[in-house]
Structure formats: structure tokens, C-alpha cells
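Undergrad: What follows is each chain in one-letter form.
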Amino acid sequence: MKEISDFTIIERRQHGPHYFTLVLRHSHLTPLLPTMPGQFVEVRVDGQPGVMLRRPISVHDVDPEAGTLSLLVQVVGQGTRRLSQLAVGEKINLVYPLGHGFTSDLRSPTSALLVGGGAGIAPLLYLAKVLKARGVRCTILLGGRTAELIPVRDEFRPYGEVCIATDDGSLGHKGLVVSHPAFAEQYDIIYTCGPTPMMKAVARSAAERGIRCEVSLENMMACGVGACLCCVTDTDQGHRCVCKDGPVFDITNMKKWYAN
Amino acid sequence: MLAVKVHNLSLKNPVMTASGTFGYGEEFADFVDLERLGGFIVKGTTGSHREGNPYPRMAETPSGMLNAVGLQNGGVEKFCSEVYHRIKHLDTNIVVNVSGSSIEEYCDVASQIDALEKIPAIELNISCPNVKKGGMGFGTNPDMAAQVVAAVRKVYHKTLIVKLTPNVTSIVDIAKAVESAGADSVSLINTMLGMAIDVEKRRPYLSTITGGLSGPCVKPVAVRMVWQVAHAVQIPVIGLGGIASAADALEFLMAGAKAIQVGTANFIDPAVTMKIVDGLEDYCNRHGIKDINEIIGII
Numbered sequence: 001m002k003e004i005s006d007f008t009i010i011e012r013r014q015h016g017p018h019y020f021t022l023v024l025r026h027s028h029l030t031p032l033l034p035t036m037p038g039q040f041v042e043v044r045v046d047g048q049p050g051v052m053l054r055r056p057i058s059v060h061d062v063d064p065e066a067g068t069l070s071l072l073v074q075v076v077g078q079g080t081r082r083l084s085q086l087a088v089g090e091k092i093n094l095v096y097p098l099g100h101g102f103t104s105d106l107r108s109p110t111s112a113l114l115v116g117g118g119a120g121i122a123p124l125l126y127l128a129k130v131l132k133a134r135g136v137r138c139t140i141l142l143g144g145r146t147a148e149l150i151p152v153r154d155e156f157r158p159y160g161e162v163c164i165a166t167d168d169g170s171l172g173h174k175g176l177v178v179s180h181p182a183f184a185e186q187y188d189i190i191y192t193c194g195p196t197p198m199m200k201a202v203a204r205s206a207a208e209r210g211i212r213c214e215v216s217l218e219n220m221m222a223c224g225v226g227a228c229l230c231c232v233t234d235t236d237q238g239h240r241c242v243c244k245d246g247p248v249f250d251i252t253n254m255k256k257w258y259a260n
Numbered sequence: 001m002l003a004v005k006v007h008n009l010s011l012k013n014p015v016m017t018a019s020g021t022f023g024y025g026e027e028f029a030d031f032v033d034l035e036r037l038g039g040f041i042v043k044g045t046t047g048s049h050r051e052g053n054p055y056p057r058m059a060e061t062p063s064g065m066l067n068a069v070g071l072q073n074g075g076v077e078k079f080c081s082e083v084y085h086r087i088k089h090l091d092t093n094i095v096v097n098v099s100g101s102s103i104e105e106y107c108d109v110a111s112q113i114d115a116l117e118k119i120p121a122i123e124l125n126i127s128c129p130n131v132k133k134g135g136m137g138f139g140t141n142p143d144m145a146a147q148v149v150a151a152v153r154k155v156y157h158k159t160l161i162v163k164l165t166p167n168v169t170s171i172v173d174i175a176k177a178v179e180s181a182g183a184d185s186v187s188l189i190n191t192m193l194g195m196a197i198d199v200e201k202r203r204p205y206l207s208t209i210t211g212g213l214s215g216p217c218v219k220p221v222a223v224r225m226v227w228q229v230a231h232a233v234q235i236p237v238i239g240l241g242g243i244a245s246a247a248d249a250l251e252f253l254m255a256g257a258k259a260i261q262v263g264t265a266n267f268i269d270p271a272v273t274m275k276i277v278d279g280l281e282d283y284c285n286r287h288g289i290k291d292i293n294e295i296i297g298i299i
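Line by line, the protein sequences are chains G and Z. Sequential numbering of the first sequence, starting at 1, is according to the numbering used here. Sequential numbering of the second sequence, starting at 1, is according to the numbering used here.
Next up, chain G with everything else stripped away, as it sits in the complex:
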């Protein structure tokens, strides 16, 4: 079940110059539709000439009791810049929940590694929260070029051990996430979302070590529901829609994707 709904911004948090969080609640106070970790919303960007299409943004957090849904957004273009100008009390229109999310119905005792880079950190918070509630032991490995490009790292602390890797060594381990000692440990499953080269490196390593792995892709999109076929990715079974068949894919059928 999906719907088109107006949401009201009830809280806005800025994280350095590049990232902000919007906490949203249904404007008509109707219950949130069931939303899984890894799913996304399509946000209509109003009042910005030149922006016509909705912007796909992953669900950062859901609080079913409070009826709130959070988006962690990186300013990358004129659409996200316009969203960054919205204030508490203003409305935004969403189509949600969209896509195929992470596999989160794991049984404990299971160990999971969550690897996030840049804005790819966004969907991992809600995932960590759901996994923790299921008794899964989570290690959260966040990476970025520099410390200020790793937003909201403290929000993860209640849900597992948080490890940081930065290219310039400004925080945590100096180097790529795949060179962090925590990455070399054994896990039952690895989830990753972030820059494509990072996800491919994570997927290759997971495949070599025989660890189950899910990647969350981000391609340019129009419809968000599998109709326009604009956002396709290569898979071992041919082109698949990131919006509908993904954004989360098990790497079992993604050899062609991560090998390149």
C-alpha cells in the first residue's frame, strides 16, 4: 500500500553545512503506513522553478507511536537546496512508502555489519533500530572524506558499536571503510549504503568471504513506482528498477554490478 500525503515539518535539525534532518508528521494526523527500513519517499519540491520531478529520499527513521517519519538530506542540487530552506510548520507532499527495503526480519543471535558512507548513512539508522529490537548484534561502520561529512553518528550509539573511518584521519580510523579492522571481522550479514565505489568494494569483499550482503542503490529516478524504467541498474538478470525492485538488492544477483 502506497499513498500521496501532505506532511508537516515538526522539527528541523542542521548537521554542519551539508546535511539536515526533517522530522515529519501527517498533516491530517492519520496513521503512518507501515514503512520498512531501506524504503524511500518521493518528495515534491514546490516553489523551485527548474525542479519538476520529485526527489527520492530514503527513510532515515520512523517512530510509529509518535507517527513521525524522518529524512536525513544532503544538499546536492537545486531540489535538495530548496528542501533545506523549509522551516518547521511548513508542509511537504510525499509519495510513500516506496521500494524494496532491507531484510530486517532476522532471528537472534545474529551479527550484522552496517556500512554507511556520506548520505548513504541515512537509511541505516532505522535499520539499526529495527535490528536491535530483534536482538541482532549490530556494528555500525560509518565513513566519509572528513569528519564533518559523517553526520548524525551519535544517533547510532543506542543500537550498536559505532566505528568511524575518514579518508583524512580527522576522526576514527584513517582510510577507507573496507580497511577498518571492524570490517575484517566475521558477520552473518552486511548491509551497505553509500557511494557506489564503496558499496562495490564492500560487496566484493562480502562475496569473497561468503557473507550475505545487501546493497542500497541510488539512481536518478522519475516515477518511483516502476513505471518509467529510467532508474535501472545492471543485475545478473538484466536491467532492474532501483525504485521498485530495489533500492536494496541482495548481491547474489549483482555480480555483474560489483565486478566492474
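Any given hint might turn out to be false.
[To be verified] Straight line, CA to CA, 25 Å or less: simulated DMTMM-like cross-link-like pairs of lysine to aspartate or glutamate:
{"hint": "1", "chain 1": "Z", "residue 1": "K78", "chain 2": "G", "residue 2": "E185"}
{"hint": "2", "chain 1": "G", "residue 1": "K132", "chain 2": "G", "residue 2": "E185"}
{"hint": "3", "chain 1": "G", "residue 1": "K256", "chain 2": "Z", "residue 2": "E51"}
[Said to hold, decoys possible] Covered stretches of chain G, as calculated for chain Z (at least 3 residues, CB under 8 Å):
{"hint": "4", "region": "1-12"}
{"hint": "5", "region": "167-176"}
{"hint": "6", "region": "212-226"}
{"hint": "7", "region": "229-238"}
[Claimed, not checked] What follows is a set of in silico ranges between Cβ atoms, one per label pair, in the way DEER data are often shown:
{"hint": "8", "chain 1": "G", "residue 1": "D105", "chain 2": "Z", "residue 2": "A271", "range": "30 to 38 Å"}
{"hint": "9", "chain 1": "G", "residue 1": "R107", "chain 2": "Z", "residue 2": "A247", "range": "54 to 62 Å"}
{"hint": "10", "chain 1": "G", "residue 1": "D6", "chain 2": "Z", "residue 2": "I295", "range": "15 to 23 Å"}
{"hint": "11", "chain 1": "G", "residue 1": "G50", "chain 2": "Z", "residue 2": "R224", "range": "20 to 28 Å"}
{"hint": "12", "chain 1": "G", "residue 1": "Q186", "chain 2": "Z", "residue 2": "G74", "range": "37 to 45 Å"}
{"hint": "13", "chain 1": "G", "residue 1": "M220", "chain 2": "Z", "residue 2": "A271", "range": "17 to 25 Å"}
{"hint": "14", "chain 1": "Z", "residue 1": "D33", "chain 2": "G", "residue 2": "N253", "range": "33 to 41 Å"}
Since the hints were derived computationally from the structure, they do not count as laboratory data. On a predicted model such as this, the values are computed, not experimentally measured, just so you know. By construction, the Cβ of each residue, glycine as well, lies at the ideal position given by its N, Cα and C atoms.
On the provided structure of chain G, position chain Z as indicated by the hints.
TA: Same frame as chain G, but now just chain Z:
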């Protein structure tokens, strides 16, 4: 009040959806009462499975978008054996957009669709700008267009709609040619060939360099072409190109379209077609129009 006829098709209202923007209808079932549509055109179907063009296939442009999907689809057999059975129960006009690289392929697909009881029409796509062979190649030359339409006419016995490209010197000449060759209706316009360049990366946004432009930016061109064609042929015209509101739809109807298709606007508001149906009803009420046909072609 809103019922219209396009050849043998009876539409509850003039609002249809454009091929390639509405999947097989199912993708929009959470947002739209599919049976409130006059009809919908399912995505371009070819003789065999096609993977389409490499990513990136889309770029946003001012008041529009470019696409270069390249007819990705599962092929006609998959449509007939799987998709058809999931959607055939719907009480609306389901039209299959038929594409191909050769006259033989068009005829093969059309004859297989002809056998499907609940598909009352096909839309022959001789206007796709995103495939190397066939597609727009047939639709830019009156003789070629007439040849493919005449061949399909022999094997297809229901309503034959031919979708025209705007990327021609005279769309009227093409429309007349396909009318003479046996088309029952024409739909226009398909996308306009366009291109956009990412200056930071110094390369085109699309993997195919050029692609098809759609959205509000093409609407005035589409209205003009619908008006020209509607005055030049006897067969009904279906108008499309940038329609996003009831007012847009009314422009096409007044210019001579018997029905309209909504395309890119479905991506921005998945429920836009319902708003257009409501808006047409409201317009008729406000203007004392008892039958929408009263305003079709008044310009």
C-alpha cells in the same frame, strides 16, 4: 457528460494515460481508480524481450525531462501469457502500444494482440526516438509510415491507432498517409528529440546522447500539431504532450482531440488523472456543457 468515442472505442471520459508513463496500470492502482479512466496505454511491446538502453536514461530539463529508455519490455509473449491476465478484468479500455524494428515485427506483435479479447485497440508506435532501428525511422517518412500501417492493417482487425512523431517537417503529411493506409485514429505527439549536457562533467546526461523530451515544455507544440492534424484528417485524433491539468486537457480537446493522454505528469502526481477527470466535470458544470463533444474541435 464526458463520454467520447474514438473509432469503435467507447470512453467514459477523454482521459487516458500515455504509453511508457503508466506501466501496466498496476503500478498506479494505489493512487488511481483505473476504471475511472477513459483508458490506458500499456508500455511499448515488441516481438521479443528488450533490455533497453544503458543507464543513465533520464535527465530533468526546464519544465520537462529527457528520456532514453529504449523500449525496455518483456516482449509480446510475456505480455499475453502473464500481464494480460492480471489486468484484463478492468472495466476500461486497455490499449497496447506496439513497437518494432521491422514491418514483420510490428505485424507479429499486432496479430498476437489481436487475439486478446479484452484489448480493443493497439497504438502503433512509429515514433520512438530512442531505438536505432525502426521506431521513428518509420514515422518520419510518409511512404514508410503508410507501408507499416497498411501491413499491420491486414493482420489487425480492431481499432488501430497510430502514434506520430513531432520530429518531422510536416506532421500533417504523415497523418494523411497513415489515414490513407487504414489507420482508425492517430495519437500525437510522441517525444521531441532533445539533448542536454552536464558542463561540469563535460558529457551528455544521457548514455545515448540524445533522447525524447516530454513534459509541460512541449505542450504548445503538441496543441499546435493536434490542431493542424485535426483539420486535415477525418479520423479521430488523440492529443498528448505535457498535459498536467484539466485546463491543459481542454486545450487539446478544443484544438480537435477526441481524447487525451497524460504522460510525464503521472510521475509528479500519480493521481493527476483523477484530478483531470474531476476538473473536466467541473468545467462542464460551470459552463453549462451537457456533452463534452460540444467543445471538441471548436477552434
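Undergrad: Below or equal to 25 Å on CA atoms is what counts here, so check K78 (chain Z) against E185 (chain G).
TA: violated, 45 Å
Undergrad: If you check the beta carbons of G50 (chain G) and R224 (chain Z), does the distance land in 20 to 28 Å?
TA: Roughly 25 Å apart at Cβ, these two residues keep to the hinted range, so it holds.
Undergrad: Given the hint of 37 to 45 Å, check if Q186 (chain G) and G74 (chain Z) actually sit that far apart at their C-beta atoms.
TA: holds, 40 Å
Undergrad: Can the region 229-238 of chain G be counted as covered by chain Z under the rule of three residues or more with Cβ-Cβ separation shorter than 8 Å?
TA: holds (count 7)
Undergrad: Has the hinted range 15 to 23 Å been met by the Cβ atoms of D6 (chain G) and I295 (chain Z)?
TA: violated, 33 Å
Undergrad: Check whether three or more residues of the region 167-176 of chain G sit with their beta carbon closer than 8 Å to a beta carbon of chain Z.
TA: Three-residue rule not met by the region 167-176 of chain G, so violated; n is 0.
Undergrad: Determine whether the Cβ-Cβ distance between D33 (chain Z) and N253 (chain G) falls within the hinted range of 33 to 41 Å.
TA: holds, 35 Å
Undergrad: A range of 54 to 62 Å was offered for this pair. Does it hold for the Cβ distance of R107 (chain G) and A247 (chain Z)?
TA: holds, 56 Å
Undergrad: Mind taking a look at whether chain Z covers the region 212-226 of chain G? Criterion is 3 or more residues with CB to CB distance under 8 Å.
TA: That given contact holds, which follows from 8 residues of the region 212-226 of chain G lying within Cβ reach (below 8 Å) of chain Z.
Undergrad: Can you let me know if the beta-carbon spacing of M220 (chain G) and A271 (chain Z) is within 17 to 25 Å?
TA: Once the Cβ atoms are compared, 23 Å apart, the range 17 to 25 Å for A271 (chain Z) and M220 (chain G) holds.
Undergrad: Residue count check for the region 1-12 of chain G against chain Z: does it reach three with CB-CB under 8 Å?
TA: holds (count 4)
Undergrad: Assuming the hint says 30 to 38 Å, is it satisfied by the Cβ distance from D105 (chain G) to A271 (chain Z) or not?
TA: Because 32 Å falls inside the window, the suggested range holds.
The earlier numbered hints that this structure contradicts are 1, 5, 10.
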